[in-house]
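Participant: So the protein lines, in turn, are chains A and B. Going by my numbering, 233 is the number at position 215 of the first sequence; the sequence numbering is gapless. Going by my numbering, 299 is the number at position 242 of the second sequence; the sequence numbering is gapless.
Hints should not be assumed to be uniformly reliable.
Computed Cβ-Cβ distance ranges for the label pairs, DEER-style [stated by the list, open to error]:
id, chain 1, residue 1, chain 2, residue 2, range
1, A, A223, B, G221, 19 to 29 Å
2, A, G233, B, G221, 34 to 44 Å
3, A, D144, B, P78, 19 to 29 Å
4, A, K328, B, A168, 27 to 37 Å
5, A, D138, B, T82, 15 to 25 Å
Below, computed lysine to any residue pairings styled on SDA-like, alpha-carbon distance capped at 20 Å [to be verified]:
id, chain 1, residue 1, chain 2, residue 2
6, A, K308, B, E305
7, A, K160, B, L266
8, A, K160, B, Q281
9, B, K138, B, V316
10, A, K249, B, K315
11, B, K81, A, S145
12, A, K34, B, G221
For the record, the hints were derived by calculation from the structure and aren't laboratory data. All residues carry an ideal CB built from backbone N, CA and C; glycine is no exception.
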Amino acid sequence: MALSKIWVLAEASDGKVTTTTLELLTKARELAGTVEAVYAGGDADAVAGQLGEYGATKVLTTGDLGGALPGVPVAGAIAAAVEGGDAPDAILAATSYTGRDVAGRLSVKLDRTVLTNNVDLEVDGDSLVTTEPVFGGTTNVKTTFTAGGPHIVLIRPKSFAAEPAGGGAAAVETIAVPDAGKSGGAVVTNRHVEEREGPSLDDAAIVVAGGRGLGESDKYAMVEDLAKLLKGAPGASRAIVDAGWVPYSYQVGQTGKVVKPTVYIAAGISGATQHMVGMKGSKNIIAINKDAEAPIFSISDLGIVGDVHKVLPQLIEALKAR
Amino acid sequence: MNVVVCVKQIPDPADPGALDPNTKTLKRDGKLILDESDSYGVEMALQLVTAAGGGEVTLVSMAPNGEVSGLRTALAMGAAKAILVSDEALAGSDALGTAKVLAKAIERVEAADLILTATESSDGYTGTVPEQIAGLLDLPSVTFAKQIEIDGSTVKVQRQTDAGFDEVECPLPAVVSVTAGVVEPRYPSFKGIMAAKSKPVDTLTVADLGLDASAVGWAGAGQQIVAIEEAPAREAGEVIEDDGAAFEKIVAYLDNLKVL
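For reference, chain B alone in the conformation it holds in the complex:
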């Protein structure tokens, strides 16, 4: 059972985000970390490989500046190796351009049975890349998985829906996107962290993938940001300290709205 996990290295969500005034895109020049949303896919992949009794987990990532710290985190969790596509030509890529790069990188992983992604990244959150990767690789796909089980050459997925969940069956190889919170991502052990330092990270350029630079980055993006505006702010209302009777204030407020 060989599983590929697409992971993204993003600016720390704990730091306030900022847009570059020139390019009008999210600033990604500082330290990048493993997107927490991807840690669930990494954990799921490790569990599936263990359950299958063999195989390995390969990470695939794209970053503008050769960043590997987020990949090291996932390698320390137990992934065997990583492919990082890093190229200045990638700056400004839209979701489809990103999917084109990731799909080409995934094609280099031999005998991949399953490709896992998050449902969306925590910085760009377009949520379309998993389906785009599947489309480019001409593979079947299941999105919003909360549970995954391998049964021979079929993947059985519990897929979230508005009403509850669906049981979905899909032939392998397939692309499956994993929702956050469905497994408990392991903390890397000290041994894992040490081992991760020597695990192979294959760093590639756009040309290495056989992709035309005009298909990715600013050149390939089918979109252009035309304006950034401050949204109308919502005024803060009354804030009171609870003196033991604040609930009465809430009752009065609701009464006033005639919703009781």
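Bound conformation, chain A alone:
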């Protein structure tokens, strides 16, 4: 039995729908007869084509939020639409900044629980069952909702493959944003973009990540050099992000990015469960660590028990020489 209708919280940047949104639309199509997107932004017409191609028949848009953080206005608009009688069975969002903010606010508005950090979704009879990996991805917990819908579910990026359905552009409909008074008072006054060269962590075919085993922050340059030579993206464990060596946007793991590149090179990373859950889906894992007992070796395809300060410079020189 399938669900009748699912809403997917769509996200886009510079007029391009995020890959995670397309993944969620693809999964939603499999679970429900009707899939619609909810989109906060002034350019719904521009994204309606992509959303339609991946299965959304409608885009419900709040229009431009005028710099307001999306949590309050978008949750308010969704709750008003639900209360207006247009309730879907489930609302899916990505485990992203926007997804988490909207889902948290919405759960209060609708007095419904949110299930977070999921990597799979299935319909079992009348119930929606979610799968959340715990303990570094060694155990999966399956959970179902006990109260009525709409069920709110947050899904981790790269949980599903995005496949187009070949549909035409989604029909754009405006949904009203109720006045939230002072509670909607958080407004963005300025945006800062950190310049990064090369592919993003999300899209790179090769990721080179560094951890505490590098010893000190200036040794991270080796990770960046190697990533550049391989046309990949540099990443990091939580330990060195917390230590301030690199920005949070470099972090791979439970609290950072989920990556699934063709090759993942872990340099000086021991393999805390926090980290492994973000990279164990990589096709090939190469690990360099001086501790032969490091957990990272239990999931690596090629493990080098050695000193990153020796192996990385040698590897960089050898690649430069080619």
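Chain A is already provided as a structure; the job is to place chain B on it using the hints.
Facilitator: Frame of chain A, contents of chain B only:
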């Protein structure tokens, strides 16, 4: 400047976690410690109160078993007092139930200007509680703060984004979630540790908060775990000791994948 910091006391992450086979939830019956993620909010709060030249930091926490050791750690850092909601009825609470309890406890703190939380706990990591608390208190909120500055009745936040960070302005009172690693949490001094022993910890039950027990715990949770399964394991491959030429192995491996 009065700041409330929501803190969680969790099983030591250094010990391997385990699920209770009966309740299918994380075992939290051993010794609990202050979640390291919360130490950044405590530090940030102490710095803001110092910068404002007055006010105090109040901790709000929820624990199933009256545990206070994590609260004592934060009190030793410099927080003035704590509210601990502890009740058997809280076992099994979902994120929304947790937020309902914390919001009610926060309402008891007089003249709170700012409520700080971590972005997520290190044991449950749902990451939705800060927004849920703000929603229940009908307050504005800013999540993922890496820097906070108070300017009169406004909080100015540098908020992390995928691309970098946004500058966000928000009227007070507000809820702000703080990312890990953005300040250096102070180590409690000996004097601080001694002083913490006599700082007030107000221990409350669900009934004290005026909440119906059916709204929290197992009774109020809108979710039920139906299965716990072992995830498919990834096979370990070749592990070699570096003899000075291991880099050649890596080059050959990459060559074989045709990614060079």
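Participant: Of the hints given before, which are not true for this structure?
Facilitator: 2, 4, 7, 9
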